[in-house]
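Novice: Order-wise, the sequence lines are chains L and C. Going by the numbering used here, the letters in the first sequence line up with residues 1 to 296, in that order. Going by the numbering used here, the letters in the second sequence line up with residues 1 to 296, in that order.
Note that these hints are calculated values from the structure, not bench results. Please note: incorrect hints may appear among the correct ones.
No copy labels: a pair is met if it fits in one copy or bridges any two.
With a straight-line cut-off of 20 Å between C-alpha atoms, the simulated SDA-like cross-links for lysine to any residue are [said to hold, decoys possible]: (1) LYS170 <-> THR27; (2) LYS9 <-> ASP209; (3) LYS170 <-> ALA12; (4) LYS168 <-> ALA31; (5) LYS168 <-> MET1.
Remember, it's a predicted structure, so these values are computed and weren't measured experimentally.
2 protein chains.
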Amino acid sequence: MFDLQSYLKERAQLIERALKRSVEEPTGAAARLHEAMRYSLLAGGKRLRPVLALASCEAVGGKVEAAMGLACAVEMIHTYSLIHDDLPCMDDDDMRRGRPTNHKVYGEAIATLAGDALLTDAFKVLALSADRSTSPALVLETVAELATAAGASGMVAGQVIDLIGEGKSKTVEELEELHGKKTGALFLASVRGGARLGGASASQIESLDAYARALGLAFQVVDDLLDVQGTPEQMGKRTQKDFERGKATYPAILGVERSMDLARELETRAHRALQGFGDRADALRQIATFVVERKL
Amino acid sequence: MFDLQSYLKERAQLIERALKRSVEEPTGAAARLHEAMRYSLLAGGKRLRPVLALASCEAVGGKVEAAMGLACAVEMIHTYSLIHDDLPCMDDDDMRRGRPTNHKVYGEAIATLAGDALLTDAFKVLALSADRSTSPALVLETVAELATAAGASGMVAGQVIDLIGEGKSKTVEELEELHGKKTGALFLASVRGGARLGGASASQIESLDAYARALGLAFQVVDDLLDVQGTPEQMGKRTQKDFERGKATYPAILGVERSMDLARELETRAHRALQGFGDRADALRQIATFVVERKL
């Protein structure tokens with residue numbers, strides 16, 4: 001019987017070790033930069049995106065090592081986006097994962113640069129991950145897909161739409177577009193890239209694409225629900241901030257009950273996309289359940 | 001007889017066209033992001049780094065097309081670094097290339113995100129540039145080298161050392177380390193990457209590496225001289241700011257005369273590295289002269 005908790009624990013340990021190797025030791029004249037990078041990158045967190053990259057690789061019969069560079073890269077990109085989102089000129093947040101945000105500790109200049117460096121080095125780590133068993137062509141395709149997911153037509157666009165749209169009402173479709181870019185694109189790149197590096201066929205990537213889209217959206221719906229219902233102690237960060245700022249959220253548009261229904265429907269959709277993958281996709285299946293059940 | 005001015009003009013036109021294709025048209029919900037990216041990326045400038053990528057590719061007999069993705073990528077990375085350097089939490093500059101800086105026009109949040117997106121999309125543009133005549137392995141190696149040059153052990157480290165060291169006196173060696181990271185690394189990646197994509201041998205890359213190191217340093221020495229001697233009207237940006245902030249510069253440490261001597265010595269070193277390349281390296285030769293003579 002597959003046990004998600006042991007799986008997550010084991011994979012998270014592999015990821016922690018690889019992440020530590022991905023950022024420099026704080027030495028030399030720029031030690032403070034490396035310290036700031038490590039402060040945010042090695043602060044724990046769910047490691048959901050890198051786990052998805054590994055689990056997706058394993059779901060198509062690949063070895064975890066093949067996707068480890070990608071796993072580190074997506075977590076580095078996720079971490080950079082949190083550091084920049086927390087800056088005073090953006091969301092102006094003081095707490096993250098139960099600790100002061102990066103700029104509260106290192107100042108705005110170093111925090112901005114630590115984000116820049118994590119983003120840049122993510123592509124270094126991924127590009128250097130090609131080895132004898134993984135072709136440069138597959139890694140290069142993954143670099144292009146990851147940069148597309150994270151850049152001006154993906155995650156950064158999502159952040160801009162979110163910033164500009166604060167206080168404006170939104171339809172469910174507009175909210176879906178926003179989150180598809182802001183969080184969905186990186187989920188998608190993690191899953192698709194992990195599968196590609198694990199040797200997936202085109203049709204396997206197509207199925208996992210559907211899985212990742214449903215999962216990414218479910219994650220966001222549940223995140224919105226947690227923002228309404230969680231306490232700062234449970235969450236390690238300020239809650240109800242979306243509500244206070246008049247940001248459009250699923251509970252605000254659909255109400256709490258219908259948002260929960262939507263999350264469950266997306267969980268079903270994610271499971272359906274994994275039909276035909278057999279036992280090897282058990283991790284992906286249970287992650288979808290975990291993402292939805294963590295609150296409901 | 002090789003004419004540098006026509007060469008620079010023709011190459012700059014090719015680069016402008018390619019850069020325009022590298023950033024999205026401002027449409028849709030994130031139009032303001034794309035507008036901000038274009039504002040800084042398409043604001044002119046010398047295009048020195050992308051020209052070096054193309055000229056280096058041509059110096060080893062490659063076609064300009066092979067290095068065009070890299071050329072766009074290095075200019076996008078250079079532009080992102082200028083946008084972030086100009087932010088209030090960094091150098092707090094109002095003018096750049098004779099126009100208001102990005103955050104003065106679009107605000108700090110959009111400026112930060114426009115920089116993030118230019119940096120990210122640089123890797124997309126480079127990764128997508130592999131074609132039938134350029135192997136994915138060479139492009140992937142260039143991605144890794146560019147990310148290393150721009151990231152936590154390269155350009156960003158240089159910026160941090162510069163920020164932290166403001167007002168502190170420096171030796172010539174410390175200044176060389178600072179500029180080697182802050183500006184030299186991206187020059188080096190442009191030249192080495194252009195050569196690699198043009199089909200260079202290992203020994204050709206080694207020679208061009210020496211050329212790029214000498215050129216990058218010469219560029220910085222002359223930049224320091226211009227900061228002391230130029231007027232804001234000539235430069236399109238505030239001058240004497242390094243001096244006012246007590247930043248270590250070559251004229252401050254060596255004096256104006258010895259700094260000029262150093263620039264000329266570096267020009268000679270750059271020319272010497274190109275021995276054995278024949279006429280095809282005329283552009284690189286004359287660029288070294290141009291970089292030094294633009295002021296002296």
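Novice: Next, verify each hint and record whether it holds.
Specialist: Evaluated hints:
1. Taking identical chains as interchangeable, the C-alpha atoms of LYS170 and THR27 lie at most 20 Å apart only when they sit on different chains, with a minimum of 19 Å there against 48 Å within one chain.
2. Neither within a single protomer nor between protomers do LYS9 and ASP209 lie at most 20 Å apart by alpha-carbon distance, with minima of 25 Å and 45 Å respectively.
3. When the C-alpha separation of LYS170 and ALA12 is checked against a cutoff of 20 Å, the pair qualifies neither within a copy, at 36 Å, nor between copies, at 44 Å.
4. Taking the shortest Cα distances, LYS168 and ALA31 sit within 20 Å of each other only across copies (17 Å), while inside one copy they are farther apart (43 Å).
5. In this assembly of identical chains, LYS168 and MET1 lie within 20 Å of each other by CA distance neither inside one copy nor across copies; the values are 47 Å within and 63 Å between.
In summary, the structure is inconsistent with hints 2, 3 and 5 from the numbered list given earlier, while agreeing with the others.
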